[in-house]
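Chemist: Sequence:
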Amino acid sequence: MMKTDTAATSHFSNVLLTGTILLANVDVNGLLDYGLKAFLGGAVWLGYKLTAEYLERRRKKRNNELN
1 MMKTDTAATS HFSNVLLTGT ILLANVDVNG LLDYGLKAFL GGAVWLGYKL
51 TAEYLERRRK KRNNELN
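Residues in the sequence shown are numbered from 1 upward in steps of one, following the working numbering.
Bear in mind the hints are in silico, worked out from the structure with no lab data behind them.
Keep in mind that this is a model prediction, so the values were computed, not measured.
Treat the hints loosely; a few may be bogus.
Unchecked claim - Pairs of lysine-lysine residues, derived as BS3-like cross-links and limited to a Cα-Cα distance of at most 30 Å, are as follows:
(1) K49 with K61
(2) K49 with K37
(3) K60 with K49
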């Protein structure tokens, strides 16, 4: 006899139903707008971080050459 596991399916259905009910009144346009702003803000932060690390490595290399 084949045993079927419905516990995982039942759990997923419960989570999906709860999520659908909770997110039913979410303003999708506002959420997309926020997501775009968060993504762009993260990209700008990453650019600053990479530039700062590059300049720091260059400064250390130059100081090591002078000493």
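Chemist: Hints first: check each against the structure and report whether it holds.
Modeler: Structure-based check of each hint:
For the suggested pair K49 and K61, the alpha carbons sit about 18 Å apart, so the restraint of at most 30 Å is met. About 18 Å separates the Cα atoms of K49 and K37, which keeps this hinted pair within 30 Å; it holds. Only pairs whose Cα atoms come within 30 Å are accepted, and K60 paired with K49 is accepted, the gap being roughly 17 Å.
Consistency note: the structure conflicts with none of the earlier hints.
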